[in-house]
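Enquirer: For reference, the chains in residue letters:
Number of protein chains: 2
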Amino acid sequence: MAEDTFQQIHEIGFKRLIDKFKTHTGTEHPAVRRGIGDDASVIVHEEASAICTTTEVFLEGVHFDLTYTPFNYLGYKIVTAAVSDILAMNALPEQVLIGLAIPNKYSVQMMEDLYRGVDAACRDYGIQLTGGDTTASHQLLSVSVTATGAAPADKLIYRDGAQLGDIVCVTGDLGSALAGLRVLMREKKAWQESRSESQFQPDLHEYEFAVQKQLVPKARKDLIESIAESDIRPTSLIDVTQGLISELGSVAKSSGLGMEVYSPAVPIALETRRIADEMNEDVDKYAFYGGEDFEMVFTIPEESVEKFKSDFDDFVVIGRMTEKEKQLTINTGEDKSYQLEL
Amino acid sequence: MAEDTFQQIHEIGFKRLIDKFKTHTGTEHPAVRRGIGDDASVIVHEEASAICTTTEVFLEGVHFDLTYTPFNYLGYKIVTAAVSDILAMNALPEQVLIGLAIPNKYSVQMMEDLYRGVDAACRDYGIQLTGGDTTASHQLLSVSVTATGAAPADKLIYRDGAQLGDIVCVTGDLGSALAGLRVLMREKKAWQESRSESQFQPDLHEYEFAVQKQLVPKARKDLIESIAESDIRPTSLIDVTQGLISELGSVAKSSGLGMEVYSPAVPIALETRRIADEMNEDVDKYAFYGGEDFEMVFTIPEESVEKFKSDFDDFVVIGRMTEKEKQLTINTGEDKSYQLEL
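The listed protein sequences derive, respectively, from chains A and B.
According to the UniProt record's numbering, the first sequence is numbered sequentially starting from 1.
According to the UniProt record's numbering, the second sequence is numbered sequentially starting from 1.
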């Protein structure tokens, strides 16, 4: 298939388009008894398991911008988003289903690229694409994604399990996805303003880490695998999709407690700091309110922190669960702090 | 809440909107351990079960027209569509998740009406609304729906299980959903043409059966319940969503067989015939190619037909599974027949 082919979907019809998608189904998962092709997919477990289900919607112009998002990256990212929700229950993802509403302006080849990204993500996460729905749309591409996963019922970790005195931890770094988005938006603007000039080429290599984090984020399956191998189990777990403050608030509120966060401890990558500087923006805002980092926040008893560090080392301590009355207290160091209402 | 209130969603925010939805979650299903509120819903079964999952996408302007579709009907219909897919596996639906992308032009009250319809459907089908995603949209309402259900793995019925000589049956009647759509489209056109006149009132009472079938179709849970109580089990099962011919073709092709259908036996309601006459259209086209009837097609061994009729009586025989070479043969009576390629 030549890369420059533009074949309209009505030329081949939705039935043949779906046949093409069937070649991009990721890993054959052993729990999947039936994938694409019947009224519903079928998952069978030998032993009774808890089944976790999540669904998300992504709209062109709201959640993604196809002027700077390659279709395969978009496919990868939507799978990451759903898988991350399953992992955040301490369950292992098994299948994903994709609902696509496609406007005329996109070609068969573009949609195949999207499914190549879905396929790549399914392979990375060890899951199978088992179904979905493909239909026409008027103007904008709409993508919905559903994932299910399984765990023994007593292994699930909810967001409401944090205990008084537990230590609050976060994986990786925060704010880089938003930093990447800021760079992409700036370059798009520069490109639009220079349309008369033919030679505009965005130079993104200095921002590669942040841009990659925005366009093709990875779900933290490594944390869940480490928890399975460790004899320490977090008391609560949530993934960072809305933004750190939102997720911290959700853990505290649903656990019926307060939380104190030491803000200088929140992990921020150097590149994220540099981008915030370039934009004349406060990098703490990126880290606290920027969404789509797909990192994990978890709480564990204080005595387990060092021990767990030897099982999994890509996390830092950022705070502690407190009495409810302290709400969400942000301690900025130098004896300054402020409270956010839960 | 006054019916004429128009409150914009940004006035209350998505978080409070979702809180409102939490009061419309249908039945509390015993298998649901966690519903709305965590990263994913949780289903737990005491014994190992097969889990069936389906997802569908509905777009304003493509799949529904809000000029004649009340929001509560839309909510009911999207649940029906997903539940029907689960039932068509001979599984019982347990949960539904809704993904909504909402443009500015719709109010908080309208979205609550939509969820009232979701709630009503969940109660009728005995299932629980357990989650979803709610987000902004640019112009058009987009709804995605995911349902899961369960059955003992050896009770599932696939579309590919039909055997040579099996009898092809269909529940209810066909083509009425399309007939209802034709009436609604005609009334919409009349309304648009009479906009200068203030008194236009569509008169739909003569078409109530077809219009209801289009706007608030019911999934055939009664058939699945009857199968469970009967000692007869269909060899294949599929729901009629794309249109009868499409579903029959799917059963035949996936079962590696052909099929002969006696077209005068296809059940068509009198009102559907009357509407087709008014429109100067061929009612067989409605019945064969009209989608969204949500009736069930199933195959059973010839010797079981009479026996099953005593367990469940709302079906008729329309054909028989044949050798593959006969493809999909439509016998129109009077010794005339034609073949459709599978």
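A few of these clues could be false.
Where chains are identical, the list cannot tell them apart; a pair therefore holds if satisfied intra-copy or between any two copies.
[What the hints assert, rightly or not] Listed next, the in silico BS3-like pairs over lysine-lysine satisfying Cα-Cα at most 30 Å (straight line):
(1) Lys188 to Lys105
(2) Lys22 to Lys326
(3) Lys20 to Lys326
(4) Lys22 to Lys253
(5) Lys221 to Lys15
(6) Lys15 to Lys285
(7) Lys22 to Lys155
(8) Lys189 to Lys324
(9) Lys218 to Lys285
(10) Lys15 to Lys326
(11) Lys326 to Lys221
(12) Lys189 to Lys105
Hints listed in this document are in silico derivations from the structure and should not be mistaken for laboratory results.
Enquirer: Now, for every hint given, state plainly whether the structure supports it.
Expert: For each hint, the structure was consulted:
In this homomeric assembly, Lys188 and Lys105 come within 30 Å of each other (Cα to Cα) both inside a single copy, at 20 Å, and across copies, at 29 Å. With identical chains, the CA atoms of Lys22 and Lys326 are at most 30 Å apart between copies only, with a shortest distance of 28 Å across copies and 53 Å within one. In the homo-oligomer, the alpha carbons of Lys20 and Lys326 lie at most 30 Å apart only across protomers (28 Å), although the nearest pairing inside one protomer, at 55 Å, exceeds that limit. For the identical chains of this complex, Lys22 and Lys253 are inter-copy neighbours only, at 17 Å across copies versus 43 Å inside a copy, given an alpha-carbon limit of 30 Å.
In this homomeric assembly, Lys221 and Lys15 come within 30 Å of each other (Cα to Cα) only across copies, at 28 Å, whereas the closest approach inside a single copy is 34 Å. Within a single copy, Lys15 and Lys285 get their C-alpha atoms only as close as 46 Å, which misses the 30 Å cut-off; across copies the closest is 21 Å, which meets it. For the homomeric pair Lys22 and Lys155, the shortest alpha-carbon distance between copies (26 Å) is at most 30 Å, but the shortest distance inside one copy (33 Å) is not. For a Cα distance limit of 30 Å, the shortest separation of Lys189 from Lys324 qualifies neither inside one copy, at 45 Å, nor across copies, at 59 Å.
Taking the closest pair of Cα atoms, Lys218 and Lys285 come within 30 Å of each other only inside a single copy of the chain (22 Å); across copies the shortest separation is 49 Å, beyond that limit. For a Cα distance limit of 30 Å, the shortest separation of Lys15 from Lys326 across copies, 22 Å, qualifies, whereas the shortest one inside one copy, 57 Å, does not. When the C-alpha separation of Lys326 and Lys221 is checked against a cutoff of 30 Å, the pair qualifies neither within a copy, at 33 Å, nor between copies, at 51 Å. With identical chains, the CA atoms of Lys189 and Lys105 are at most 30 Å apart both within one copy (22 Å) and between copies (28 Å).
Going through the hint list in order, the structure does not satisfy hints 8, 11.
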